[in-house]
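Just need the whole structure built from these sequences, with the hints factored in.
The UniProt record's numbering puts the first residue of the sequence shown at 1, with every later residue one more than the last.
Hints are computed from structural coordinates only; laboratory data are not their basis. Every residue, glycine too, gets a C-beta built ideally from N, C-alpha and C. Check before you lean on any hint, since a few could be wrong.
[Said to hold, decoys possible] Quick list of simulated restraints, FRET-style, between CB atoms:
(1) Gln149 to Gly238: 33 to 41 Å
(2) Val289 to Ser117: 41 to 49 Å
(3) Gly287 to Val246: 18 to 26 Å
(4) Ala201 to Gly113: 24 to 32 Å
(5) Ala281 to Ile247: 27 to 35 Å
(6) Ala96 to Pro200: 44 to 52 Å
(7) Pro186 to Leu297: 39 to 47 Å
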Amino acid sequence: MAGPAGTGRAGPGPRATAGPPGGPGGRPAGGRTGPEPAGRAGRRPARADGRPRTRDAEAAGDDRPPRPRPEPSPVHRRRRRVAAGIAALLLLGVLAVGVRVVVYDLGLFDVEGVEVSGALDVPQADVLAAAAVLPGGPLAGVDTAGIAQRVAQLPGIGSVEVGRGWPHTVTIVIVERTAVAVVQTPQGPMPVDASGVVYPAPVPPGLPQLTFGAAGPDDPSTRAALDVLSALPEDVRGQVATVDAVIGGGVPQVTLGLSEDRQVRWGPAEESVRKASVLVALLTQPGRVYDVTSPALPTVRS
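Shown next as structure tokens:
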């Protein structure tokens, strides 16, 4: 029997019965049964990289790469090239200005000295005076060609090479002339180098003397005499005291005066190498006149 009303005690309620999980009627708790809404069912799963799958990729069942972007038009490519070229030119201009400031304006590479090498008979003071290099100016602005031209005018200088020894030095490398003969001039005996240049300098001992007229690099007799001397072996050349070259038939005829009052009739300077070889064999024979004018028919006379 139910208790009196108002006592505050509830009567026995209905018993719990077993049923399908979820809410009443077998529906899942908190949700509805049946097919998903069209909007939710139409949502496609995302790719591994987070982008939504396309219909084609979903139909194929795999992740396909995205479609390539269209190539830029030739006009766009040309504009890009022009822009890149302008940027490169601007960069080069900035670099050039920077280099000029460092090399010329900041004094970091100014001339502080001159280094001379190769000067033996030519006084170094003469070389420095002819070079006329002023200290303090930028090394990059030194006129190396002008320095070389001035130094080359000095007697006894065969060749000059002027360079820059960074960061502060001008370098001058000299090759002096080598005397191969001596010639008598109004100023006295002077050496002659292998090119026929006569220059004022002390005459080394033991050189053969050119006995014809004025010697010079453009003189046919000088060239013929020096060609013959250069063809002789060193031991034979050391026996030569005089060289004469008289023009005969338009061609210089060379005659060598050897030690011990011997003479070599050389003739023209042609075939000098062959004549020198023949002369070496002839000098093993006693005689006073050795004729190699015709190297095929040499003669020795007492």
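Hint compliance check: list the failing hint numbers for this structure, sorted ascending. none
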